[in-house]
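K.L.:
Generate the whole structure from the sequences, applying the supplied hints.
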Amino acid sequence: MTWEALYMEYSDRIFRFILLMVGSEEVAEDLTHDTFVRVESALNNYRGNASHYTWLVSIARNVTYDYWRRKKKIRFYSMTKNNGFEAKEMPEELLVKEETVRELYIAINKLKLTYREVIILRKIQSLSIDETAEALGWSKSKVKSTLLRALEALKTELEIQQKKGGVQGEQKQAK
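Numbering (our numbering), first residue to last: 1 to 175.
The set of hints was computed from the structure by calculation and includes no laboratory data. Here a beta-carbon is modelled for each residue, glycine too, at the ideal position from N, C-alpha and C.
Label pairs and their in silico Cβ distance ranges:
| hint | residue 1 | residue 2 | range |
| --- | --- | --- | --- |
| 1 | 5 | 101 | 27 to 35 Å |
| 2 | 52 | 148 | 24 to 32 Å |
| 3 | 165 | 112 | 19 to 27 Å |
The calculated lysine-lysine pairs, modelled on DSS-like cross-linking and capped at a C-alpha distance of 30 Å, are:
| hint | residue 1 | residue 2 |
| --- | --- | --- |
| 4 | 142 | 112 |
| 5 | 123 | 112 |
| 6 | 142 | 110 |
| 7 | 144 | 123 |
P.N.:
Okay, structure coming up:
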């Protein structure tokens, strides 16, 4: 597959993956660009051991880690603005969904990085266990066990948020 074909087919999915990791559209655009620059130089080394998408995710992940090392900060996707996701529900439905999704992402943001990665790839990006293992450089059993622990930690974090009154309660406490 050519670089152009890879870009046309996968750039949106790679952008969303990076966006969920860094929380900024502007940064995600830059990192997506950097990812495909690396892809162009590494394309001759692609052996076909993994699907194109999982190979691209592993490169995007490394680019994101490099960004964090340079910036010395780790952030996650912010639900304070739309971030390019579209919805066609009524305003009341959107408010309820937005609040629920915001609480979910705040809880995910509080998890350790490996838990966030596996949840994003398996549950948000819908990669298979094999694809997730390939993208993260893990074994299939590590993906399965880490996902179980991550989901349990996420459940615990959501319960803590509920006891504190959710996102609105946290915002009131912060003031």
